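Here the protein sequences come in this chain order: A and B.
This note's numbering puts the first residue of the first sequence at 492, with every later residue one more than the last.
This note's numbering puts the first residue of the second sequence at 6, with every later residue one more than the last.
None of these hints come from the bench; they were simulated from the model.
Restraint ranges, calculated between C-beta atoms of paired labels, are given here:
| hint | chain 1 | residue 1 | chain 2 | residue 2 | range |
| --- | --- | --- | --- | --- | --- |
| 1 | B | 203 | A | 769 | 37 to 45 Å |
| 2 | B | 27 | A | 769 | 25 to 33 Å |
| 3 | A | 744 | B | 285 | 25 to 33 Å |
Here the structure is a predicted model, which means the values were calculated and not measured.
The C-beta atom is built at its ideal place from N, Cα and C for all residues, glycine as well.
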Amino acid sequence: MMASKLTNSNRAGWAFALPGFGLLTLFIVMPFFFAFFLSLTNQRLISPNPTEFVGLDNYRNLLSISVLTIEPELDDAGEIIRDADGMPEYPRVRTFTRNNPDFPEYAGMREWFRWHSGDTAKVVVATDVVFWKSLRNTLMFVLVVAPVQGGLALGLALLINQRLRGINMFRAIYFMPVVVSIVVVSLLWRFLYAEDGLLNSILHAVSFGLFEGRDWLGNEDTALGAIKAMSIWQAVGFHMVIWLSGLQTISPTLYEASSIEGASKWQTFRYVTWPGLRNTAVLVLIVITMQAFALFAQIDVMTNGGPLDSTTTVVFQAVERGYGKQDISGGSTISVILFLIVLTISLIQRYLTREK
Amino acid sequence: MAAISADNHGLRLATRYAVLTLIAIIFIFPLVFMVMSSFKPDLQLLRDTSSIRAFLPVGDISTDNYAAAFQRAPVGLFVFNSVFVTGVTVLLSLLLCSMAAFSFVFLNWTGRNVLLSIIIATLIVPFETIAIPLLLLVSKLPWIGLEGFTVGWLNSYRVQIIPWIADGLTIFLFVQFFKDLPRDLIEASRVEGASWWQIYTKVVMPLSGPVIATAAILKFLVMYNQYLWPLIVVQEETYRPVMVGLQYFFQLNTAWGEVMAYLTIITVPVLAFYLVLQRAFIASIASTGVKG
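Looking at chain A on its own, in the form it has when it is part of the complex (with noise of 0.2 Å):
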């Protein structure tokens, strides 16, 4: 920036920020150096004993994991035992993960899933069986709505960047959700997803008779999606207006220009409007990600991270460990992973989306 002798002031620089910046590194940036402190103690809400240092003992019990291979069980001839339908039998993962000497660093260790390569049997195992679904329901979540809830945006505010009688009504309509909070927004959607709720009479009517309702949120393959469906639902409006206000920076007669041309919608769109949304879309993409990697108030409300953990996050991991359980060091370790995938995922798409 200019450095101008008038602007010069040492006494005024600070006495301006530093309320702003005392209070912000009291409150966020401490808490996260906290957060970090804490990951490498026992540290509990409530507990008789006292705190100690335990190095990165709590990153090694939430991220260990490994595969184990299982040859078949054989019988006294040396032939596989089949079960009666043909498929081979296993010993059970236990006797590898249970006292077994033979196999200590499996000890502790829980099965995740499981697939076969001929005979033997691949068992992903993990220590942290729930944290890693976690962590795998939030990557699903962000890597579906970050690309659908952007690109849903962009066509609404496409749609609504037309000149039409009425449109600014339409538009603040598009915004409601945004308004409402995500709590109250969960709890109605309960009752759109429920057994009898209004979705599943929907798709009962519009084919005609076929569809045989089920519990949306109860089930546990359609529970992540309902609630990414209405985690798209709800904010999609809002990033629509981010991208509207990038709409209204293109220079009108660039479009002028291209229908002089005589470019078609898709050209004009391809070449005039894409190219000058670039910086609303990085913006757009960092802002959905992080939004997204911050999902908890519709688990929290809608599933509790159920059924069978197929809806619990990381952050509610964090929450549910840190608060529920009072398993302060357990709940701060998962944050610190969470700030570092933030951290890596925003450093990559800064580079991706890089001026060339």
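Could you slot chain B onto chain A? The hints should help.
Structure of chain B alone, referenced to chain A:
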């Protein structure tokens, strides 16, 4: 030829409105459901959810649920708490964050760039990840108030207000906006002998309407809709905000009509406020939103 194209035009216009309306329905229907249900007895409410009746004020319509909701919980108190906490936080946030941004953009001082980098870095820390350490911190903080010197901020207004005053996003929004203000104006005032405080209050802030509106709106939404933080730091009813007040309605047998009435009470004022201001609302976000 002209007639055909006129017809065509009319048809295309009708299609556009049909599409816009359909999308509008998608965005508004849960809210319509909420308001309509708040006037229905529980049994009917639940029965209606499986048909279009869910969105219509039909059947046994009354305001009984509202009366019952006020019976069950101190609704007025919760609304007051939320409005108070939100109002104070928004005002203080606008003041302190704009002052900090003012200093970062217009003043030259040692350490400026380092501090600004730290502030930008906080943007990628999701609040939920520091909630627990922050809880431990505020439970140990001292305070001097009417009742003298006390330790621990739990169960108070201040625990809901003070940690939320300064945030990276608000400072960032002001910084981006201030960068586009004419610097000559500031320097000219300086030459004329105005103090920094005068420049801030008399020159810069009066020009900052759009960014003040944007920052205020975003902060308002965050604060009014607070959930996790008050859930863990406020156990006493006296200081409870609206979202945490919801817990009163989820006891053994959830009375859904009362829940809907409560949701309507805490949502409709915000929606009305938003609808009145929506033009300024969206226009201000649009004008300050992206200047990365």
